[in-house]
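Number of protein chains: 2
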Amino acid sequence: MSITQNLSISFSSSSSPFLAPSTFNSRSQVSLPVKSVSICKCVATPQEVDTAYKTKVSRNENMGKLQAGYLFPEIARRRSAHLLKYPDAKIISLGIGDTTEPIPEVITSALAKKSHALSTIEGYSGYGAEQGEKPLRSALASTFYADLGIEDDDIFVSDGAKCDISRLQIVFGSNVKMAVQDPSYPAYVDSSVIMGQTGLYQKDVQKFANIEYMRCNPENGFFPDLSSISRPDIIFFCSPNNPTGAAATREQLIQLVQFAKDNGSIIVYDSAYAMYISGDNPRSIYEIPGAKEVAIETSSFSKYAGFTGVRLGWTVVPKQLLFSDGFPVAKDFNRIVCTCFNGASNISQAGGLACLSPEGLKAMQEVIGFYKENTSIIVETFDSLGFKVYGGKCAPYVWVHFPGQNSWDVFSEILEKTHVVTTPGSGFGPGGEGFVRVSAFGHRENILEACRRFKQLYK
Amino acid sequence: MSITQNLSISFSSSSSPFLAPSTFNSRSQVSLPVKSVSICKCVATPQEVDTAYKTKVSRNENMGKLQAGYLFPEIARRRSAHLLKYPDAKIISLGIGDTTEPIPEVITSALAKKSHALSTIEGYSGYGAEQGEKPLRSALASTFYADLGIEDDDIFVSDGAKCDISRLQIVFGSNVKMAVQDPSYPAYVDSSVIMGQTGLYQKDVQKFANIEYMRCNPENGFFPDLSSISRPDIIFFCSPNNPTGAAATREQLIQLVQFAKDNGSIIVYDSAYAMYISGDNPRSIYEIPGAKEVAIETSSFSKYAGFTGVRLGWTVVPKQLLFSDGFPVAKDFNRIVCTCFNGASNISQAGGLACLSPEGLKAMQEVIGFYKENTSIIVETFDSLGFKVYGGKCAPYVWVHFPGQNSWDVFSEILEKTHVVTTPGSGFGPGGEGFVRVSAFGHRENILEACRRFKQLYK
Chain A
1 MSITQNLSIS
11 FSSSSSPFLA
21 PSTFNSRSQV
31 SLPVKSVSIC
41 KCVATPQEVD
51 TAYKTKVSRN
61 ENMGKLQAGY
71 LFPEIARRRS
81 AHLLKYPDAK
91 IISLGIGDTT
101 EPIPEVITSA
111 LAKKSHALST
121 IEGYSGYGAE
131 QGEKPLRSAL
141 ASTFYADLGI
151 EDDDIFVSDG
161 AKCDISRLQI
171 VFGSNVKMAV
181 QDPSYPAYVD
191 SSVIMGQTGL
201 YQKDVQKFAN
211 IEYMRCNPEN
221 GFFPDLSSIS
231 RPDIIFFCSP
241 NNPTGAAATR
251 EQLIQLVQFA
261 KDNGSIIVYD
271 SAYAMYISGD
281 NPRSIYEIPG
291 AKEVAIETSS
301 FSKYAGFTGV
311 RLGWTVVPKQ
321 LLFSDGFPVA
331 KDFNRIVCTC
341 FNGASNISQA
351 GGLACLSPEG
361 LKAMQEVIGF
371 YKENTSIIVE
381 TFDSLGFKVY
391 GGKCAPYVWV
401 HFPGQNSWDV
411 FSEILEKTHV
421 VTTPGSGFGP
431 GGEGFVRVSA
441 FGHRENILEA
451 CRRFKQLYK
Chain B
1 MSITQNLSIS
11 FSSSSSPFLA
21 PSTFNSRSQV
31 SLPVKSVSIC
41 KCVATPQEVD
51 TAYKTKVSRN
61 ENMGKLQAGY
71 LFPEIARRRS
81 AHLLKYPDAK
91 IISLGIGDTT
101 EPIPEVITSA
111 LAKKSHALST
121 IEGYSGYGAE
131 QGEKPLRSAL
141 ASTFYADLGI
151 EDDDIFVSDG
161 AKCDISRLQI
171 VFGSNVKMAV
181 QDPSYPAYVD
191 SSVIMGQTGL
201 YQKDVQKFAN
211 IEYMRCNPEN
221 GFFPDLSSIS
231 RPDIIFFCSP
241 NNPTGAAATR
251 EQLIQLVQFA
261 KDNGSIIVYD
271 SAYAMYISGD
281 NPRSIYEIPG
291 AKEVAIETSS
301 FSKYAGFTGV
311 RLGWTVVPKQ
321 LLFSDGFPVA
331 KDFNRIVCTC
341 FNGASNISQA
351 GGLACLSPEG
361 LKAMQEVIGF
371 YKENTSIIVE
381 TFDSLGFKVY
391 GGKCAPYVWV
401 HFPGQNSWDV
411 FSEILEKTHV
421 VTTPGSGFGP
431 GGEGFVRVSA
441 FGHRENILEA
451 CRRFKQLYK
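Respectively, the protein sequence lines represent chains A and B. If you're matching positions, the first sequence starts at 1 in full-length UniProt numbering and goes up one per residue. If you're matching positions, the second sequence starts at 1 in full-length UniProt numbering and goes up one per residue.
Isolated chain A (complex conformation) (with noise of 0.2 Å):
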C-alpha cells in the first residue's frame, strides 16, 4: 500500500468513483495518467533549484519563519511513514481531532434538500450574502446569544473558525502584538507569523519573538497569571481549550476581560467547544458584562454536528467593539468578509440552520454526549495506569502528563508500540512540552481498542 493510498484513508473517505476524463471543447482527449498525489508533495531536489528558471520575486520573509510543516499535516505525514513501515497495522487515530460519527439524519436530511432544490427555479439560488443568510443569523443569535445583547447583524457566518482565524488577522495586519495561551491551538501563532506580526523563531526557547505566550499549566490551573503579561493588542483565547481541555470558570473570564479592558485589548476568544462544557462554566464570553466592548468570539459546527468536512462556522463581531480612533471593528472585517470571502456553502448554511432546529440541537446534543464517554473511558483508562491526566470533562480532549519526557518521544512511542497516533503537547507549544493529547474522537470499538493496547503499554 503506498503511502498515496494511505493518506487518502485517513483524510478522505469520499467514495465516489474516479470518473474518465471526457471531452473538453477543442482539447485533446488524451488523458495523462492518474499520478499519485501526497500531502506537502511539492519539494523541488536541491539540484532541481540550481539549475532551474527563476522568478525574480522574493519569497515572503514572514513565510520563511514558520517551523516545518503546520501541526497536524506533520502527524498525518508520521502516520503515512508508520503505514508504510507496518503495512498490516490497524492504526487508530486520536490525533488530529476529527469527527468520526455519522451526521444525524435530521441534518443530512436538510443538506440534501437544500441540494435538490438547487436544480429548481424556485430553490435555485445563487450568491448569498457574504455575511450569511439571514435566517442562519438569527438562529445562531437566538440559540447562542438569547439575552446576551448579541444582534443577528453581529454575527459572521463563516467556513469555520480556521479559517475565520486568518480573515481576523488579515483586519488586523502585522502591527499589532499578540498573545496566546501556550499550548494552544497552532493556527493562532502561524497566522501571526504569517501576517509578519512577530519576530524569528527563537530556538532556544521555542518561542516566536514578540508573541506573548501566557503559560497555562496544571500549577495555576490552566489559566494564565495575567500579572505576568506585558500588554498585547490581541489575546487569543480558546476555551473550553484546545489542547488542555480546561474550561475557564466565570471568575477567570471576568479577570481576563477586565484584563483586556485595562489595557485596551482586544480578546478573540474561541469557543469551538462550548455545548462541551458540563457545570455552569460561561458558554460564550459574552456572559461577562463589558466583554462586547473587548471580545470577539469565534465558533463552528465541526465538532458539534460532525461538519468537519461540511465547513460551516460562525464569528461574533459587535457592533460596541471599536479600534482606538473609535473606527468599529466589524465595519472592516465586514469588509474583508466581502472582499477576501463569499460566504460559507448555500448547502452547508441550509445544514446549520437544521442543526439549531428543536430536533437538530437535541441530535447534536447527542453526538456530543456519545464523545463525552469516549473521554471518560480515556481519562479512566489513563488514571487506572497512574498518569495525571487533564482536560475531559469539559471537551472532548484528554491531556495526560509525562512529566520530563520530550513529547514527540512520547508520541513516537506511543504510535510504535500501539499504532495508535495521538498528538504531542509540545507541537501546540513549548507549554505543551511533557504531554500529549488524546482525542476522544472515534468510534466506540476503536476507543476501547486504544485503550486496550494503552494499558499493555503502560501496564
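Calculated directly from the structure, the hints in this document are not laboratory data. All the given hints hold, so there is nothing to weed out.
Chain copies aren't distinguished; within one or between two, either way the pair holds.
Cross-link-like lysine-lysine pairs, in silico, DSS-like; alpha carbons within 27 Å at most:
no., residue 1, residue 2
1, K362, K113
2, K65, K177
3, K177, K56
4, K54, K261
5, K388, K455
Following the hints, complete the assembly by docking chain B onto the known chain A.
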C-alpha cells in the same frame, strides 16, 4: 418592503423557514426579537464613537486606504435604495453577475447523495485534505489540463477563485509590486491594498500608488501595451476578462508569458470564464510554452455549473514555479492552504466531481450555451441602438461604451428609467470610465424584458 427584505431577495432565495430558538443548556430560553439585517450595517454614529469605550488597538492602516465599499455590495445597496423609492418596480439584475439557472440534476443528485451518505458510517467523512480530494484533483487535471503537463498535485481545490486570490496575496505578502488590467475584477486591487502592497489612493487619477494599471481599451484590442509597464512582481491577468469580456489570443498570451519571463514576474491567470470561449483562444495559460515557470492559474465552478452559492474553485500552482531563491511557490501556497483554510466542503467537492463526468460536462455546456444566447440578445440590442459593444463572444459580459459619460451616472440613469441594475465601468478601475457592464446571467424572459426597456430608453 424594507431594505432588509429586499436584500434577502436580492442575494439569497433560501426557502428554509426560520426555526424557532430552542433550549440550549443552561441558557435562557427567551429569545431576542429578530432584528433586521442589512449589509455593512455596523457603522457607529459619530456621537456613539465619541462617548463609547474604545480599545487601544490601532486600526490597520491598509484597511483605511480602501475606498468606499467593495463594488458589488455597494451596487446591492443602491438597488435596495431604488426599491425603497419604487416599491412596485420589477427590478431586473444584470449587475453582480450572479447565475440564475438551476444546477443540472446530474450534479445536484451527486450533492444530495453525498449529503445523505454523511449520515451513514461508511459514507461519513470528516476533515478532508486541505488541498482537496484526490479524485477531484485528478479529474480537474485530466479535464482541463490534459497534455499540458499539469499534475494532480499541482491543483489545489478551494471554495472559489475570489478566496484563492486572497490566499495568494497572503503568500506574496506586502513587499511585492503588482500589475492589473485596467479595468479588472476589483478583488485584485482591493486584496493588494489590504495586504499593504500599495500606497494611498490618489483621487486625481483614481488609482492606488504602487500598482501598475495596465490600460485595456478598444484602441489596444483590450491587451495592454506591455512596453510601457514598469517591472511588476505579480501580474493579475483575467481572460476572458471580467468586465470587458475580451479573451486574449494565443499571440497575446505568448507576449504576456515572455514579458513575465523577461521581468521575472509571476502571472496570476484568472480563467474563471474559460469555458465561455468560442473559437481557438487558449483556455488555459499553460497552453503557452514556458508558462508553468511563471504562472499560477485560478478558476471556478461558479459560472460553469451555477456554483456561485455552492462554492467550489481551484488554483494551479505548478511545482516549476520558483521564488528568486529557488523556493517553490507551491510549497508556500500549500502552507497557507493548510494554515488558513480547511478545504472546500466535501459536499461541494462531490458536486464538482459530478460536474466533470461526461454527463456533467455536457450539462454544464448546456447551461453555458444558454447564457451565451442571452449574451447574443444583449449584444444585438445595444448594436441595434447604435452603441459600440465589446465582449460577449467569449464571456457572459457585454461591455457597452457610453463615450464621454460618467459610468455611475449611466448606471443611475438606467436604473432610474428602466429598473435594470448594471455595473458602472469605473467600478473596475479608471480604465472602465465611460463603460457599463451588462451581465448575461438571467432568466430568458428577464433578459428579453431588460432589452425591451433598453430599446425604450435609447430609441
